[in-house]
Amino acid sequence: MREYIYMDNAATTPVKDEVLEEMMPFFKEKYGNPSSIYSLGQTSKVAVEKAREQVAKSIAAKKEEIYFTAGGSESDNWAIKGIAYKNKKKGNHIITSKIEHHAVLHTCEYLEKDGFEVTYLNVDKDGIVDLEELKNSIKDTTILITIMTANNEIGTIEPIKEIGEIAKSKGIIFHTDAVQAMGNIKIDVNDMNIDLLSMSAHKVYGPKGIGALYVRKGIKLDSLITGGGQERNKRAGTENVPAIVGMGKAIELAYENLEEHNNKLISLRDNLIKKIEDSIDEIKLNGHRTKRLPGNVNFSFKYIEGESLLLSLDMVGIAGSSGSACTSGSLDPSHVLLGIGLDHEIAHGSLRLSLGDFNNEEEINYVVEELKKIVQKLRMMSPLYDKLEGEK
Amino acid sequence: MYSKTVMEHFTNPRNVGEIENADGIGEVGNVKCGDIMRMYLKIEDNTIKDVKFKTFGCGSAIASSSMATELIKGKTIDEAMNLTNKAVADALDGLPPIKMHCSVLAEQAIKAALLDYSKKNNIHIEGLEDINFDDDLHDHDIEE
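Protein chains in written order, with my numbering: chain A, 3 to 394; chain B, 250 to 393.
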C-alpha cells in the first residue's frame with residue numbers, strides 16, 4: 003500500500019516542523035502566564051506579542067489591531083455579534099451572502115431571532131457575489147456587510163476590494179471571513195478597506211484551536227468572551243501561548259513563501275483539473291476557473307453520490323471531501339452548491355480535493371487513475387446512469 | 250462509522266445489475282434526498298429465483314441494497330414480505346442512526362417490486378395493500 007494521499011487541506015493541514023519547533027518550549031519550560039509580572043510570565047508575554055506582530059504584518063495591519071481567539075468560528079461570531087450589538091441603536095440590518103461558512107450564516111440566523119434583519123445576497127454560477135445587488139440592498143439601517151474572502155467549498159475568490167469600497171463609501175462596517183484565503187492570497191486590510199477579518203491557524207500549517215480577529219483601530223464592538231483583562235480587555239481568558247506562537251510562525255512562513263506556494267499549487271491544481279476533465283465525462287467544475295484558491299479543485303460527477311465516492315477513495319488511500327447530504331449530516335446537500343444553482347442530484351455528487359504544500363505531481367496522476375475507475379464503478383451501479391444509457 | 254460488513258458489501262456489492270424481462274421492478278427514494286434504489290425480481294413458483302439492484306446513494310444505501318438482495322434470494326414471496334429494515338441493518342452488523350433510512354429504503358424497494366409483480370399478474374399479496382411508498386423516509390429518525 004502506498005502512502006496516504008491527503009487532499010483535504012481546506013479541512014485542515016498538518017503542523018509544519020518549523021512551527022512545532024517554535025511552539026514546544028511554551029508547553030513545559032516557558033509555561034508562564036503572560037499576565038504574570040515575574041520574568042517567566044513576561045517571557046510568555048513577549049512571545050505572544052511577537053506572534054501578534056507576525057500576524058499583523060501578514061495583512062498590513064498594526065499590531066494593536068490583532069486579537070487572538072480560539073479559532074475562525076469564534077472570530078466570525080465575535081465580529082458579527084460584537085458589531086451588531088454595539089450598533090443596534092444605529093440600525094439592525096446586516097448584509098451577507100448565501101454561500102458563507104456556517105460560522106457566519108448561523109450567527110446571522112441567531113441575530114435574526116433577536117430582532118436583526120439579514121439580507122443573504124445571491125451569487126452567480128461561479129459563486130461570485132453580485133455587487134449591484136449588494137449596492138441595492140444597502141439601507142439606512144445597514145450596520146454591517148460580511149462577505150467571505152474566498153469560499154471554503156468551491157474556492158471562489160470574492161471581489162473583496164470592491165466590496166470594501168462600497169462599504170466605505172456608505173460608511174458601513176465591513177467584515178470578511180478570510181479563514182480559507184489566509185496564506186493563499188495577498189491581503190492588505192487598508193488597500194481592501196477591510197474593518198474586521200477572521201482567520202485561523204490550522205488551515206495554514208499551524209495548530210488547531212487558535213485564530214485571530216483583526217479589528218481596525220477605531221471600530222468598536224462588544225466582547226463575546228467576558229472575564230479577565232486579556233487582549234486589551236476585549237477577549238478574556240488566559241492566552242493559549244503555544245498555539246499563539248505557532249500561529250504567528252505559521253502565518254509568517256505562509257507569507258514569506260506565498261509566491262512559491264501559489265505557483266506550485268496553481269500548477270498542480272490546473273493539472274488535476276485538466277486531467278480529470280480529460281479522462282472522465284459528464285462532470286462539472288464547481289467554482290470560478292481562475293478566480294479560485296490555488297489549491298481548490300471541486301467537481302460534480304453526474305449520476306453518483308459523494309459519500310460513496312469518498313469511501314471508495316479512502317479505500318485506495320486518498321482523502322477528500324464532499325458536499326453531499328450524507329457527508330454533511332443533514333438532508334440537503336451543501337448550501338454553497340445549491341447557492342451556485344446546482345440541482346440536488348449534481349450537488350450530491352460533488353468532490354472537493356484541496357491541495358497543499360505536501361502534494362506532488364505523482365499523487366495527482368495516481369488520484370486521477372483511481373478516480374476514473376471509481377466513478378465508472380459507481381455509475382455502473384447507478385439507476386440514473388442506466389436511464390441515460392437507455393435513452394442513447 | 251460503518252461496520253466491517255457494511256464496508257465489505259459496499260466494496261463488493263452482491264447482485265448488482267438488471268434482470269431482463271423481470272417479473273417485478275420497484276424503485277423508491279428520490280434524487281433530491283440523494284438516494285434511489287431500484288430492485289428487479291425474477292419470480293417462479295412463488296419463489297424469488299433471482300434478484301438484482303441498482304442504487305444511487307451513499308455507502309450504506311449500496312450496502313443495504315446488496316444485503317437485502319442476499320436475504321431474499323431463493324426465498325418465497327411471503328418470506329420476502331416479512332423482511333424488515335431492522336433485519337437488513339442487523340445483518341450488516343448495524344447502521345449509524347442517521348443511516349437507518351437506507352435499510353428502510355431497501356425493505357421498501359423489495360415491496361415496491363413485489364407490488365409491481367402482483368399488479369402485472371393480477372394476484373393479491375398480503376400486506377401490500379396499505380403500503381405508502383411516499384412516506385418521507387428522510388427524517389433520519391427511524392428507530393433502530
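One or more hints might be untrue.
To be verified - Okay, derived cross-link-like pairs now, DSS-like style, lysine-lysine, Cα gap no bigger than 25 Å in a straight line: (1) B/K281 / A/K286; (2) B/K298 / B/K335; (3) B/K369 / A/K379; (4) B/K281 / A/K100; (5) A/K304 / B/K281.
Read the hints as simulated data drawn from the structure, not as lab findings.
### Query
Within 25 Å, alpha carbon to alpha carbon, are B/K281 and A/K100?
holds (20 Å)
### Message
For B/K281 and A/K286, compute the direct alpha-carbon distance and say whether it is at most 25 Å.
### Response
Roughly 18 Å separates the two Cα atoms, so the pair holds.
#### Entry: Given pair status - B/K281, A/K304, alpha carbons within 25 Å
holds (13 Å)
### Query
Holds or violated: B/K369 with A/K379, Cα cutoff 25 Å?
violated (32 Å)
### Task
Given the hint that B/K298 pairs with B/K335, test it: the Cα-Cα distance must not exceed 25 Å.
holds (23 Å)
Hint 3 alone, counting from the list given before, is not met by this structure.
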